[in-house]
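Work out the full structure, taking the sequences as your base and the hints as a guide.
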Amino acid sequence: MTIPAYGEWNGKKYDNRHGGAFDRGSADSWYDRGRNPHYYVGGTGTSDRVEDLTPEEVEAYNAGYDYNERFGGKKDWG
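Each number in my numbering comes from the position in the sequence shown (counting from 1) with 4 added on.
Don't take each hint at face value.
Computed list of lysine-lysine pairs in DSSO-like fashion (alpha-carbon distance at most 30 Å, straight line) [stated by the list, open to error]:
hint: 1; residue 1: Lys-17; residue 2: Lys-78
hint: 2; residue 1: Lys-79; residue 2: Lys-16
hint: 3; residue 1: Lys-17; residue 2: Lys-79
hint: 4; residue 1: Lys-16; residue 2: Lys-78
FYI, nobody ran anything at the bench for these hints, they're computed from the structure.
This is the structure in structure tokens:
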């Protein structure tokens, strides 16, 4: 399966790179974590974590979270 280079929510496209804000929002939703806007400069867990986001970055994080809440699933811990 190929992951698209962008995520789309409410008619707007967001960068979907691994570690980016949209990706991290969708991952937090997938793992049933609360909202905690952040992203990684490079790869997740292997680069600096950014928590002081611009309004556009917070929007991308929330779009990823909302997208997964609507269309994604949740991690099955069983």
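Structure-based check of each hint:
For a cut-off of 30 Å, the pair hint linking Lys-17 to Lys-78 stands: about 23 Å separates their Cα positions. Straight-line distance between C-alpha atoms of Lys-79 and Lys-16 comes to about 26 Å, which keeps the hinted pair within the 30 Å bound. Between Lys-17 and Lys-79 the alpha-carbon distance is near 25 Å, which keeps this suggested pair within the 30 Å criterion. Simply put, Lys-16 and Lys-78 have alpha-carbon atoms about 24 Å apart, close enough for the 30 Å limit, and the pair holds.
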